[in-house]
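Asks: Sequence:
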Amino acid sequence: MSLLSRRTLLTTAIGGFAGVGLWHARSRFLPTGGLEPAAQANPSPNGELAAFHRTSRALGTNVSITIAHTDESVANRAAAAAFDELERVEQSLSVYRNDSQLGMLNSAQSLASADERMRAVLAASLEMSRRTAGAFDVTVQPLWEVHSRAARELRSPTEAELAAVRERIGWQHVLVAGTEVRFARPDMSITFNGIAQGYATDRVKLVLQSVGVQHALIDIGELAPLGHKALGTPWQAGIQHPRQADAYVAVAKLDGRSLATSGDYATTFTDTAKAGRGDNHIFDPATGHSPTAFSSVSVVAPTAMEADALSTALFVLGPKRGLKLIESSEGVDALFVTREGRVSQTAGFPTVRDAG
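Numbering of the sequence shown is given in the numbering used here, commencing with residue 1082 and proceeding in unit increments.
Calculated directly from the structure, the hints in this document are not laboratory data.
Because the structure is a prediction, the values reported are computed rather than measured.
Just so it is clear, CB atoms sit at the ideal spot from N, CA and C, and this is done for glycine as well.
Among the hints, erroneous ones may be present.
[To be verified] Pairwise CB distance ranges, derived in the manner of DEER restraints:
{"id": "1", "residue 1": "Pro1315", "residue 2": "Arg1178", "range": "22 to 28 Å"}
{"id": "2", "residue 1": "Pro1400", "residue 2": "Ser1291", "range": "37 to 43 Å"}
{"id": "3", "residue 1": "Arg1138", "residue 2": "Gly1259", "range": "32 to 38 Å"}
Sequences and hints are given; from them, build the entire structure.
Replies: Dropping the structure here:
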């Protein structure tokens, strides 16, 4: 604990905490009390705020936008504009689409005219790599591929396979000159899965603000609040228990900052990984394996993109280096769950209720 000069860790133990069911591997919006519906059918006749809930899918995850407004038609137009922006983001950054800018870069190993979204996220990614000494690295896509291939063959990758793949990894080998992006090593590929959802969340927030929405909650795997809920109370989010899909470890008040969670239970390559053993979708670029200190890391930060990337980086860095990074990051706090089931949080993490 002596590593924290500006923040104090608050520590508890996880028990068998029952709670509302939570979304996949992320934080989830909780209505007041965790039980009320997220939307009303129509606004109240006296002009009070009502909640309008719209859903879709983008960047490989479920998308949920809740808008609190007095006029359903305004909420519908705002949601439509938000989903249009998501389509533009996906066309640029999706690793699942061969025709996206990212897909074309990975295929051709270069891209002559990267669009503004690609340039913005790539610049933020490379800066995060510098900031985290490479713990966050978008060039780990080859690791995903070798682990996926081995899983299909019902085995784990060999150390020789991982060593060969690591030769194709390194954020320093992504070269950017104006609108041109190219790889300095052969057979490289990148994934924005550790940052694109956060970027998309921030973009949707800006779109909603531009059309006059003052109160909303955006959930694209990462959560970004605007204002408050229809009843005037703060937006809240439950943080999933890493070993119990129908339980949570804490409830956080979204205090204007965005929230992201990275967990070892989100995507796994073996049955043992689901129990916290073996490799999952979060890789240490230096080893090719998944870090073992944490089961989940939740981060609040000024932007969803920063929270998204930092949750991955902190997972890789582990406790000591991770806490040092938080101390040097303005407006950033975190909640950690270790493999042994210990919950720790920095003093500024906006917990309103823990599982105890």
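Asks: For the pair Pro1315 and Arg1178, does the Cβ-Cβ distance stay inside 22 to 28 Å?
Replies: Once the Cβ atoms are compared, 36 Å apart, the range 22 to 28 Å for Arg1178 and Pro1315 is violated.
Asks: Is it true that Pro1400 and Ser1291 lie within 37 to 43 Å of each other by Cβ?
Replies: holds, 40 Å
Asks: Given a hint of 32 to 38 Å, does the C-beta separation of Arg1138 and Gly1259 actually sit inside it?
Replies: holds, 33 Å
In this structure, only the earlier hint numbered 1 is contradicted, and the remaining ones agree with it.
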